[in-house]
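Taken in sequence, the protein lines are chains A and B.
Take the first sequence: its letters are residues 276 to 382, numbered as in my numbering.
Take the second sequence: its letters are residues 61 to 181, numbered as in my numbering.
Keep in mind that a hint or two might mislead.
Claimed, not checked - Only part of the chain B face toward chain A is listed, based on derived beta-carbon distances under 8 Å:
id : residue
1  : Leu105
2  : Trp107
3  : Tyr119
4  : Ala121
5  : Glu149
6  : Tyr155
7  : Pro165
8  : Tyr167
9  : Phe168
10 : Gln173
Unchecked claim - Examples of chain B residues toward chain A, derived with CB under 8 Å:
id : residue
11 : Gly104
12 : Asp133
13 : Tyr166
14 : Asp169
15 : Trp171
16 : Gly172
To be verified - Computed cross-link-like contacts, DSS-like style, restricted to lysine-lysine with a CA-CA straight-line distance of at most 27 Å:
id : chain 1 : residue 1 : chain 2 : residue 2
17 : B       : Lys136    : A       : Lys320
18 : A       : Lys314    : B       : Lys136
19 : A       : Lys320    : A       : Lys382
20 : B       : Lys73     : A       : Lys320
21 : B       : Lys103    : B       : Lys73
22 : B       : Lys136    : B       : Lys125
23 : A       : Lys382    : B       : Lys73
24 : A       : Lys382    : B       : Lys103
25 : A       : Lys382    : A       : Lys325
26 : B       : Lys136    : B       : Lys103
27 : B       : Lys136    : A       : Lys325
28 : A       : Lys325    : B       : Lys73
Everything labelled a hint here was simulated from the structure, so no lab data went into it.
All C-beta atoms in this analysis are idealised placements derived from N, C-alpha and C, irrespective of residue type, glycine included.
Here is how the chains run, residue by residue.
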Amino acid sequence: DIQMTQSPSTLSASVGDRVTITCRASQSISSWLAWYQQKLGKAPKLLIYKASSLESGVPSRFSGSGSGTEFTLTISSLQPDDFATYYCQQYNSYPITFGQGTRLEIK
Amino acid sequence: EVQLVESGGGLVKPGGSLRLSCAASGFTFSSYSMNWVRQAPGKGLEWVSSISSSSNSIYYADSVKGRFTISRDNAKNSVYLQMNSLRAEDTAVYYCARETLGSPPYYFDYWGQGTLVTVSS
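Please put together the full structure from these sequences, using the hints given.
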């Protein structure tokens with residue numbers, strides 16, 4: 276199975292900050308990586324697919340990069356609505372696996 | 061508008077069974093692979109199972125293999141998860157998720173609101 280490891284587990288930041296979350300795969304997954312945002316009590320929401328493609332309707336302050344085993348999600352200027360938990364997901368092969376999540380909290 | 065609505069969750073004793081349903085609307089259901097993803101209380105996301113559009117390909121996480129069965133009825137625009145021999149560690153919110161069109165596995169572009177399964181005596 277491919278293990279996905281996110282860092283940090285928790286990130287404290289302020290409105291307007293630029294933040295980056297890292298996701299590492301235990302083996303190469305090419306660009307078969309997605310990022311999701313989840314707010315408390317809600318279903319996950321797709322942000323980024325194929326490592327760097329922005330899902331329709333997602334603000335352009337979100338961006339993704341990387342390939343192989345190392346990936347990043349960047350939020351260029353944090354907005355109040357962005358404080359949530361973020362998950363990466365590999366879909367290179369079954370079983371599909373998620374990172375453990377990164378909780379983005381207000382400093 | 062794409063909608064996925066799960067139902068069937070509830071409280072069940074260890075060793076018991078439960079059948080979850082997910083009713084889909086707003087898209088051509090028979091063209092898409094569908095998945096179940098769960099989230100234990102306060103924990104992260106765990107993929108559970110996937111079924112292809114025509115039910116030809118089915119996959120399970122090791123943690124549920126042999127106990128859970130995924131199925132679908134394209135005439136009813138529904139996907140199901142039959143859960144047997146339930147354990148306390150199966151307690152979670154279960155989400156139904158649509159897999160976007162492409163060569164599977166792929167990412168999930170729509171999710172339902174989830175249904176809570178609690179396994180406890």
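Here is what the structure says about each hint:
no.: 1; hint: Leu105; verdict: holds, 4 Å
no.: 2; hint: Trp107; verdict: holds, 4 Å
no.: 3; hint: Tyr119; verdict: holds, 5 Å
no.: 4; hint: Ala121; verdict: holds, 5 Å
no.: 5; hint: Glu149; verdict: violated, 17 Å
no.: 6; hint: Tyr155; verdict: holds, 6 Å
no.: 7; hint: Pro165; verdict: holds, 4 Å
no.: 8; hint: Tyr167; verdict: holds, 4 Å
no.: 9; hint: Phe168; verdict: holds, 7 Å
no.: 10; hint: Gln173; verdict: holds, 6 Å
no.: 11; hint: Gly104; verdict: holds, 5 Å
no.: 12; hint: Asp133; verdict: violated, 23 Å
no.: 13; hint: Tyr166; verdict: holds, 5 Å
no.: 14; hint: Asp169; verdict: holds, 5 Å
no.: 15; hint: Trp171; verdict: holds, 4 Å
no.: 16; hint: Gly172; verdict: holds, 6 Å
no.: 17; hint: Lys136(B) to Lys320(A); verdict: holds, 26 Å
no.: 18; hint: Lys314(A) to Lys136(B); verdict: violated, 31 Å
no.: 19; hint: Lys320(A) to Lys382(A); verdict: holds, 23 Å
no.: 20; hint: Lys73(B) to Lys320(A); verdict: violated, 32 Å
no.: 21; hint: Lys103(B) to Lys73(B); verdict: holds, 22 Å
no.: 22; hint: Lys136(B) to Lys125(B); verdict: holds, 25 Å
no.: 23; hint: Lys382(A) to Lys73(B); verdict: violated, 42 Å
no.: 24; hint: Lys382(A) to Lys103(B); verdict: holds, 22 Å
no.: 25; hint: Lys382(A) to Lys325(A); verdict: violated, 31 Å
no.: 26; hint: Lys136(B) to Lys103(B); verdict: violated, 32 Å
no.: 27; hint: Lys136(B) to Lys325(A); verdict: violated, 31 Å
no.: 28; hint: Lys325(A) to Lys73(B); verdict: violated, 41 Å
The structure shown violates the earlier hints numbered 5, 12, 18, 20, 23, 25, 26, 27, 28.
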